[in-house]
Amino acid sequence: MRPWSLVACIGLLMVSVSEVVDAEPLVVEAALDRRVVAPLLEAFEQSHPDIELVFHDRSTLEVDTLVERGDPAPDVVISSAMPWQMARVNQDYARPLHSREARAWPDWAKWRDEVFGFTFEPIVMAYRLDLPRHMMPPSTHADLHTLLTTRQDMLRGKVTTYSPARSGVGYTLFQQDARYTPRFWDLVAAMGNVDAHLEENTRAMLQGITEGRYWLGYNLLGSYAMVWAQHHPEVIVQVPQDYSLVMMRMAFIHRDAPHPRQAGEFVDFLLSRDGQRVLAGQTPLFSVRPDVSGPYTAQRLRDQVGDQLYPIPINASLLAFVDPQRRDAFMARWRREFQRSR
Amino acid sequence: MIEVDGSLKRRLAIWLLVTVSGLGTLLMIEAYLGAQRAAQRAYDSQLEAAALTIAESVQWQEGEPVLEIPAAALQILATRHQERVFYAVLDADGRRISANLVLDIAEDDQRHVAREPFWRDVTWRGEDWRLYGREYDSAGWETQDPVQIWVGHTMAGRRALAGELFERAVTRFLAMVLLAGLLMLLAMRVALTPMRRLRQLLRRRDADDMGPLDARVPEELRELAETLDTLFSRQRDSRDALLRFTADASHQLKTPLAGLQSTSELALAQDDPETWRSALVDVNEGAARTSRLASQLLSLARLRHVGGDGDMARLDLAAMLREVTLEWAGRDAAREHDLGLAELPAAPVAILGASWALRELLGNLIDNALSYTPAGSEITLGIEIDTRVATLYIEDDGPGVPADLLERLHHPFERGGRQDTQGSGLGLAVVDSIAKRHGAAWQVSNREPRGLRVTLRLTLSSPEER
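Protein sequence lines correspond, in order, to chains A and L.
Counting along the first sequence from 1, when you hit position 163 you're at 163 in the UniProt record's numbering, and nothing is skipped either side.
Counting along the second sequence from 1, when you hit position 181 you're at 181 in the UniProt record's numbering, and nothing is skipped either side.
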């Protein structure tokens, strides 16, 4: 080997080594269970071997704080706290994505081409197998209310739901419930009446049901509950038959993303057919795309439970939920109703 | 010579283009501003509606205004273009009761809103926003302070709507122009049809058809048709005159030539040299007369056909008159007449004229006077000066001309009813032609108690000319 070619080889080696060393990872801050989403991340790493991905699974509150602090800013932000995501986008924290996938994404599941709802997770009720032994399990909100008021002696302490104060997702769901019917407050009062336990997340509620502490859970994330039920036969998942809310995880690229190109590729992958196919087949997050097939797709869910799926709309009305005064008023009312009959 | 100077179609097309582009530019500016205004109005009313919706949900609790921001108001603000939205509710002291962005509102603007609703365009974080502020009075149990409500959104929807409206206006305008152009072409075809008809009519005419046109033409072509008619009639007259002249000339030449022929034939039939000699004298005289006639015909034809005024020059009429008269006075023909000059103006009489033609004219007039007056007649030439006109005259005390023939004297071969002289009758025709060339009026009139006076009015040439 001639000397100059040796030099060139060494040079090449050094360049490639330094590339690997210098390449900063793409940082994704997400309020999304890492165990649930793992197949999606693996698929991304396989199709984009040049991008090193760092995925942080945090609470919605932590994610929101990181977005605002921006020191350094995360590349991609994913959260189930839809109103907070929306508020950040409205405050110009997002960078628009002008890709083919982004443009083709359905209008009802995106806003300004800046934030995209890429999952389709139904909100469900779950009960323990003990429940049907004593009473007819509820299949609608009205059923639930009737049970809570007629069988409160038996259900006292056995009911669980989200804490609107400690969980952004729970707060959003209750706000949305309250928008549909004023009888929701009767339901809150009834839950207060049976001393319902307020949990921070779906996993805690499911854990409680499995352990037998709770018989009945209201407003659980269907995505987690359905997977749980597969391994815990004592847990039954019920999609409400009158109406069922649908929550969507919202993802956006941070305005100050250090790696905007890679971030764009990641979000593109979330929206792409490949990414959505993984969602539909290997995670319970449900694919939004109608051209993807698998056990977990929005289309299949609609086929199974009918037309009563009501996705929480991704539009400016979400901003109302984060208004401090409105939130205070809602929480005040919640507390009043929850303690109505004490 | 026919020079093709562009086409009517092209000229009309250029006019149309100029008008349309001028008018079009104005229209487009108007359409652009109109579209902006319309979009602004449409979206401003959204802001008003949102502000009103928010105002409806402000309530007073324990002396504090409380707002439960209605989701509908935010959707109204966002519009279907998914604008970023802003709202802020300020109490009477300017404190923010509720707001979703840290977008600052100037204190001036707040004071302004206290008086009347207020619109404002601002730039925040590199984006254009339109804000609307309005103060609402509200009543509570403890306080009755007003609250200020500010709402705003980004302007993508306005831009999109304005663009759409403008685009539509442009499309309409272009379609109109296209249609107008097509109609114009069609109209031009229809309008030019009479022209084509006239052309075909003219093309079909026989070469010697000089009759008036028989065509249906629109008002705009009437003048052209009439001019054509006049042209035809002038050509007809001129051709008639030419034919008459030729016929007369042939006739005039035929008589002396026939005389020559018969004299020479008679002489040839004799053997007597004396007879030959007298016949030769006759032939000689006849040939001289005929030659004179021919030369007069020639000069008439020359006068009528020489165009232009290249040989016109300033000359002194008085000097010329003196010269010509003296020359004629010395000739044999004037021996039996009293040919003289009246007193001429002392200063030169400057006129513009062709020297050879005026000499010919004077010669003809003098020759006429000598030929048609009896011996011993008095013939006087002179010049009278007016301010701008020199009147040349020649008068005699001969028998004059019958009044009904005076008008015809300038026709060729007219001899004032006299057959007793040797003239050809061409003299005054030559005079007429020369006078016309000089733009001069001439007149023949009888004198009292007897005699004839011919006057020629020539315009004086002012020194500046030429």
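It is possible that part of the hints are untrue.
[Said to hold, decoys possible] Covered stretches of chain A, going by a simulated chain L footprint (3 or more residues, C-beta under 8 Å):
#	region
1	120-131
2	186-195
[Claimed, not checked] Each pair of labels, with its calculated beta carbon distance range:
#	chain 1	residue 1	chain 2	residue 2	range
3	A	R340	L	R41	44 to 50 Å
4	L	R80	A	Q339	40 to 46 Å
5	A	D195	L	G63	34 to 40 Å
6	L	G126	A	P25	25 to 31 Å
7	L	R80	A	P72	48 to 54 Å
8	A	H98	L	G181	37 to 43 Å
9	L	K9	A	R273	27 to 33 Å
10	L	E64	A	M135	42 to 48 Å
If you are wondering where the hints come from, they were derived from the structure by calculation, not from laboratory data.
In this text, a Cβ means the ideal position worked out from N, Cα and C, and glycines have one as well.
Can you let me know if the beta-carbon spacing of E64(L) and M135(A) is within 42 to 48 Å? holds, 46 Å
Counting residues of the region 120-131 of chain A whose CB is closer than 8 Å to a CB in chain L, do you get three or more? violated (count 0)
Outcome of range test on Cβ distance (R340(A), R41(L); 44 to 50 Å): holds, 49 Å
Is 27 to 33 Å respected by the C-beta to C-beta distance linking K9(L) and R273(A)? violated, 60 Å
Indicate whether the distance between the beta carbons of D195(A) and G63(L) respects the range 34 to 40 Å. holds, 36 Å
If I claimed the Cβ atoms of H98(A) and G181(L) lie 37 to 43 Å apart, would that claim hold in this structure? The hinted range 37 to 43 Å holds for H98(A) and G181(L), with Cβ atoms some 41 Å apart.
Can you let me know if the beta-carbon spacing of R80(L) and P72(A) is within 48 to 54 Å? Taking Cβ atoms as reference, R80(L) and P72(A) lie about 36 Å apart, which means the hint is violated.
Distance restraint hint 25 to 31 Å, applied to the beta-carbon atoms of G126(L) and P25(A): holds, 29 Å
Does the Cβ pair R80(L), Q339(A) satisfy 40 to 46 Å? Since R80(L) and Q339(A) have Cβ atoms about 42 Å apart, the given range 40 to 46 Å holds.
Quick check: do three or more residues in the region 186-195 of chain A have a beta carbon closer than 8 Å to a beta carbon of chain L? violated (count 0)
Violated hints, listed in ascending order, are 1, 2, 7 and 9; each of the other numbered hints is respected by the structure.
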